[in-house]
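Student: Add 8 to a position in the sequence shown, counting from 1, and you land on the number used in the working numbering.
Treat the hints as calculated values from the structure; they're not laboratory data. Some hints could be false.
Using 20 Å as the maximum straight-line C-alpha spacing, the simulated SDA-like pairs for lysine to any residue come out as follows [stated by the list, open to error]:
#, residue 1, residue 2
1, K72, D161
2, K287, K138
3, K215, A262
4, K247, D108
5, K71, V276
6, K109, K71
7, K213, K189
8, K109, D179
9, K71, Q269
10, K184, V203
11, K228, A211
12, K286, G248
13, K109, K189
14, K250, K213
15, K213, K287
16, K250, L298
17, K189, E210
18, K184, M194
19, K286, E315
20, K215, K195
21, K317, S89
22, K138, A160
23, K287, F306
24, K228, G248
25, K195, K213
26, K72, D275
27, K109, L223
28, K250, M202
29, K71, V203
30, K317, R296
31, K247, D222
32, K250, S183
33, K228, E315
34, K250, G107
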Amino acid sequence: MTTSTRWLRRSLAAMAGSMLMLSFAAHAGAPQVKTQAPGFYRMMLGDFEVTALFDGTIDLEPKKLLTNTTQAQVGKLLDRSFEKDMVQTSVNGYLINTGDKLVLVDTGAGALFGPTVGNLRANLQAAGYKPEQVDDVLITHMHGDHVGGLVADGKLAFPNATIHAGQEDADFWLSKANLEKASAEMKGFFQGAMVSMNPYVEAGKFKPLKGNTDLLPGIKAVPAHGHTPGHNIYLVESKGQKLVLWGDLMHVAAVQFEQPQVTISFDVDSKPAAVERKKAYADAAKGRYLVGSAHLPFPGLGHVRAEGKGYVWVPVDYQQVR
C-alpha cells in the first residue's frame with residue numbers, strides 16, 4: 009500500500025468520525041419537551057368504568073400543617089418516603105360511567121388555587137368525555153380544591169349536571185353570616201365555596217344530602233364528618249367489586265398511614281376527622297376493597313394493608329382496561 013493510499017484512507021476515516029460526531033451532536037441538541045402526559049387513568053369496577061382525573065398539584069408543607077404530632081416526627085416520616093419539607097400533593101377527581109349515568113366525584117380547584125391546578129376539566133375531555141355529558145357531580149366537601157372546577161369563565165362548567173353535597177356543608181360554607189364572622193385567613197374558604205356553588209343553587213341544580221343516601225344504583229353517600237361539617241365519602245359498587253372514594257379523609261400519605269392519629273390544620277374539627285380516618289383505614293384493610301383519595305399520588309387508587317400500629321398504602325398496578 010502506497011503512502012498516498014494510506015493517507016487517503018486515514019483522511020476518509022477521520023471525515024466519517026467527524027460526521028458521526030456531528031450527527032450525535034445534532035440529535036443531542038433536540039429541545040426538551042417538559043410537558044406531562046394527559047392526566048387520566050382508566051379501570052373497570054365490575055360493569056362500571058372508573059376514570060381517575062388529575063387536576064394538578066398543590067405544594068404543602070406538612071411540618072407546618074400537620075397537627076397532633078411534632079415537626080421532628082413528620083420530618084422523619086417524610087424522609088423515610090424520600091419526601092422533602094415541601095410536598096407536591098396531587099388533587100384528584102373520579103369519573104364513573106355506570107352505563108346509564110356519567111357521575112363525577114369532585115371537580116378540582118378550577119381557577120381558585122393558581123396555575124399548578126385547574127386541569128381536571130381538560131383531562132376529562134382528554135379521556136374522551138365532554139363536560140356537558142356529566143349527569144351528576146358528587147362533592148365530598150366544599151373546600152376550594154374540590155368545588156373550584158364547578159365554574160369555568162364565570163359559567164357552569166357542567167351545565168347539565170345536578171350537584172350533590174352534604175347539607176351540613178351547605179349550611180356552613182354558603183352562609184353569609186359565617187363568612188362575615190370568619191377570621192381573615194378563613195374568609196377565602198367561604199368565598200371559594202360560594203363562588204363555585206351558588207351558580208348551581210341559583211339555577212336549581214343543587215340537591216343537598218344528609219346521612220346515608222343512595223344516590224344512584226351502585227353509588228351511595230356516607231357521612232364522614234370532621235374535616236368539614238358535611239364531609240361525605242362515596243361508596244361505588246358493581247358486580248361484587250367495591251371502591252370507596254375518601255375525599256379528604258387524609259392528606260399526607262407518608263405520615264398519616266404510619267400515624268393515623270395525625271390531623272391537619274385544614275380540619276374544621278380534627279377530633280372526629282381522626283376518628284373517621286382510623287375507621288376508614290381499618291375497614292378498607294379488613295374489606296380489601298379499592299380506595300380512591302383526592303390527595304394520594306395520582307391516580308390515587310389502591311388498597312390499604314394493616315402493619316403494626318399503622319397502615320401501608322398499596323397503589324394499583326398500571327394495567328390495560330378489560
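Student: None of the hints should be skipped; say for each whether it holds.
Tutor: So, going through the hints one by one against the coordinates:
1. Our distance criterion of 20 Å between C-alpha atoms is broken by K72 and D161, whose separation comes to about 33 Å.
2. For the proposed pair K287 and K138, the alpha carbon gap of about 36 Å is over 20 Å, so the pair is violated.
3. Pair hint K215 plus A262 does not hold up; C-alpha atoms about 36 Å apart against a cutoff of 20 Å.
4. Distance restraint check for K247 and D108: the Cα-Cα separation of roughly 15 Å lies within the 20 Å cut-off, and the hinted pair is therefore satisfied.
5. Restraint check for K71 and V276: the C-alpha separation of about 19 Å stays at or below 20 Å, so the hint holds.
6. Taken as a hint, the K109 and K71 pair is broken in the structure, with Cα atoms around 42 Å apart against an allowance of 20 Å.
7. Proximity of K213 to K189 is assessed by CA-CA distance (about 28 Å); at most 20 Å being required, the pair is judged violated.
8. Restraint check for K109 and D179: the C-alpha separation of about 28 Å exceeds 20 Å, so the hint is violated.
9. A threshold of 20 Å between alpha carbons decides the hint, and for K71 with Q269 the separation of about 15 Å falls inside it, so the pair holds.
10. A threshold of 20 Å between alpha carbons decides the hint, and for K184 with V203 the separation of about 12 Å falls inside it, so the pair holds.
11. A C-alpha spacing of about 24 Å is found between K228 and A211, which places the hinted pair above 20 Å, so the restraint is violated.
12. Simply put, K286 and G248 have alpha-carbon atoms about 24 Å apart, too far for the 20 Å limit, and the pair is violated.
13. For the hint linking K109 to K189, the alpha-carbon distance of about 40 Å lies beyond 20 Å, and the restraint is violated.
14. A threshold of 20 Å between alpha carbons decides the hint, and for K250 with K213 the separation of about 28 Å lies outside it, so the pair is violated.
15. Taking the CA atoms of K213 and K287, the gap is near 33 Å; set against the 20 Å cutoff, the hint is violated.
16. Taking the CA atoms of K250 and L298, the gap is near 6 Å; set against the 20 Å cutoff, the hint holds.
17. For the given pair, K189 sits about 24 Å from E210 by alpha-carbon distance, which is inconsistent with the 20 Å threshold.
18. The straight-line distance between the Cα atoms of K184 and M194 is roughly 13 Å, inside the 20 Å bound, and the hint therefore holds.
19. For the hint linking K286 to E315, the alpha-carbon distance of about 13 Å falls within 20 Å, and the restraint holds.
20. At roughly 24 Å between alpha-carbon atoms, K215 and K195 are farther apart than 20 Å, so this suggested pair is violated.
21. About 18 Å separates the Cα atoms of K317 and S89, which keeps this hinted pair within 20 Å; it holds.
22. A threshold of 20 Å between alpha carbons decides the hint, and for K138 with A160 the separation of about 14 Å falls inside it, so the pair holds.
23. Of the supplied pair hints, the one linking K287 and F306 is violated, its CA atoms being roughly 23 Å apart against a limit of 20 Å.
24. Proximity of K228 to G248 is assessed by CA-CA distance (about 15 Å); at most 20 Å being required, the pair is judged to hold.
25. For the given pair, K195 sits about 25 Å from K213 by alpha-carbon distance, which is inconsistent with the 20 Å threshold.
26. The suggested pairing of K72 with D275 holds, with an alpha-carbon distance near 14 Å, which does not exceed 20 Å.
27. Between the alpha carbons of K109 and L223 the distance comes to roughly 11 Å, so the proposed pair stays at or under 20 Å and holds.
28. For the given pair, K250 sits about 33 Å from M202 by alpha-carbon distance, which is inconsistent with the 20 Å threshold.
29. Simply put, K71 and V203 have alpha-carbon atoms about 31 Å apart, too far for the 20 Å limit, and the pair is violated.
30. At roughly 18 Å between alpha-carbon atoms, K317 and R296 fall within 20 Å of each other, so this suggested pair holds.
31. With a CA separation close to 17 Å, the supplied pair K247 and D222 stays within the 20 Å bound.
32. Annotation: proposed proximity of K250 to S183 is violated, straight-line Cα distance about 35 Å (limit 20 Å).
33. With a C-alpha separation of about 29 Å, the suggested pairing of K228 with E315 is violated against the 20 Å cut-off.
34. The suggested pairing of K250 with G107 holds, with an alpha-carbon distance near 17 Å, which does not exceed 20 Å.
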